[in-house]
Amino acid sequence: MTRAPSALVLLLAAACSAPDYTPARDWARTASLVVAYPAPAATSEDRRDGIAAMQQALAMYLAALSLMADDGIPAYREDPFAELAPRAARADPAGGAAVASLGAMLRRATLENWQAPDLRNTIAVADPALQALVTALAGSLRAAAPAPEPPAPRAAPPVTDPAAARADYIAVVTRIGTGHALLVASAPRLTDPEVMQRIRAAEDDLRRAGFALPRPVVLVAPS
1 MTRAPSALVL LLAAACSAPD YTPARDWART ASLVVAYPAP AATSEDRRDG
51 IAAMQQALAM YLAALSLMAD DGIPAYREDP FAELAPRAAR ADPAGGAAVA
101 SLGAMLRRAT LENWQAPDLR NTIAVADPAL QALVTALAGS LRAAAPAPEP
151 PAPRAAPPVT DPAAARADYI AVVTRIGTGH ALLVASAPRL TDPEVMQRIR
201 AAEDDLRRAG FALPRPVVLV APS
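Residue 223 is where the sequence shown ends in the UniProt record's numbering, and the numbering goes up by one at each step.
Hints listed in this document are in silico derivations from the structure and should not be mistaken for laboratory results.
Please note: incorrect hints may appear among the correct ones.
As the list claims (entries may be wrong) - Label-pair distances were calculated between CB atoms; the ranges are:
hint: 1; residue 1: A163; residue 2: N121; range: 33 to 43 Å
hint: 2; residue 1: A164; residue 2: A18; range: 41 to 51 Å
hint: 3; residue 1: A164; residue 2: G139; range: 31 to 41 Å
hint: 4; residue 1: G72; residue 2: P128; range: 22 to 32 Å
hint: 5; residue 1: D161; residue 2: D118; range: 40 to 50 Å
hint: 6; residue 1: R208; residue 2: E78; range: 12 to 22 Å
hint: 7; residue 1: P117; residue 2: D204; range: 21 to 31 Å
hint: 8; residue 1: R142; residue 2: A212; range: 18 to 28 Å
hint: 9; residue 1: P19; residue 2: G139; range: 19 to 29 Å
hint: 10; residue 1: E112; residue 2: T22; range: 16 to 26 Å
hint: 11; residue 1: N121; residue 2: D161; range: 34 to 44 Å
Just so we're clear, the structure is a prediction, and the values are computed from it rather than from any experiment.
Beta carbons: idealized from backbone N, C-alpha and C, even for Gly.
Work the whole structure out from these sequences, hints included.
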C-alpha cells in the first residue's frame with residue numbers, strides 16, 4: 001500500500017487541528033468595525049486625540065483577535081501601540097496603561113505565533129487590559145462636553161444631538177466589554193453549539209447597535 005509523504009500527513013493533521021472559532025472571529029471583526037466611529041468633540045484637543053488613540057488601539061486589538069480566531073498570526077514584531085499609549089494617557093492615564101498592555105500582548109502573540117488553538121489563552125491574558133480600556137474610553141467620552149452646534153440653515157435636515165450620539169456610542173463600547181467577557185467566561189467551551197449561538201447573538205446585537213449609531217450630518221450653507 002502506498003504511504004502518503006510524511007510532510008503531507010503533518011500538513012493534513014495541522015489543518016484539522018485548528019478549532020472552529022467562527023462566531024468568536026465574527027464577533028471580534030464586527031466589534032473592530034463598530035468601534036471605529038468618529039471621535040466626538042471634546043473640551044480639549046488632547047482629550048479628543050486621546051479618545052481617538054484609545055479607539056484605534058481597541059479596533060486594532062479586536063481585528064487581531066479576529067485574525068487569531070481564524071488561525072492567523074498577528075504581524076506585530078514591534079509594539080504596535082508604542083505611539084498610541086502616550087496619546088491615550090492624555091485623556092486617561094489608566095487608558096494609556098491599558099493600551100500599552102495590549103500592545104505588549106500583541107507583540108508577544110506575534111513572536112510566539114499565537115493562533116486559533118491559543119485563543120482561550122489570548123482572551124484571558126488580554127481581558128483585564130481590554131476591560132480597563134473600555135472603562136477608560138467610556139469615561140473619557142462621558143467627560144467630553146459636546147461642542148456647540150452652529151446655527152442650522154433654513155430647511156436643513158435635523159442635526160444629530162451630540163450628547164445622544166455620545167451616549168449611543170458609549171453603550172456600544174460597553175457592549176464590547178461585555179462581549180469580550182462572554183468570550184472569556186465561555187473559553188473552555190467556545191466550540192459548543194450553545195456557546196456559539198450566544199456569541200452569534202452578541203455579534204448580532206453589536207452589529208445592530210453599530211448600524212443604529214447616527215452618522216455625522218455635514219451642513220453646507222447656501223451660496
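Tested hints:
Range check, A163 to N121: about 40 Å between beta-carbon atoms, so the 33 to 43 Å window is met. Between A164 and A18 the beta carbons are some 43 Å apart, a value that agrees with the proposed interval 41 to 51 Å. Our hint of 31 to 41 Å for A164 and G139 is violated, since their Cβ atoms are close to 18 Å apart. Remark: the range hint 22 to 32 Å for G72 to P128 is upheld by a beta-carbon distance near 24 Å.
Checking the proposed 40 to 50 Å range against D161 and D118 shows it holds: the Cβ atoms sit about 44 Å from each other. Here the CB-CB span from R208 to E78 is close to 37 Å, at odds with the stated 12 to 22 Å. Take P117 and D204: their Cβ atoms lie about 26 Å apart, and the range 21 to 31 Å holds. Evaluation of the 18 to 28 Å hint for R142 and A212 yields a pass: the beta carbon distance comes to about 19 Å.
At about 36 Å, the beta-carbon gap between P19 and G139 misses the expected band of 19 to 29 Å. As the Cβ distance of E112 to T22 is approximately 23 Å, the hint placing it in 16 to 26 Å holds. A beta carbon spacing of about 43 Å between N121 and D161 agrees with the range 34 to 44 Å that was offered as a hint.
In this structure, the earlier hints numbered 3, 6 and 9 are contradicted, and the remaining ones agree with it.
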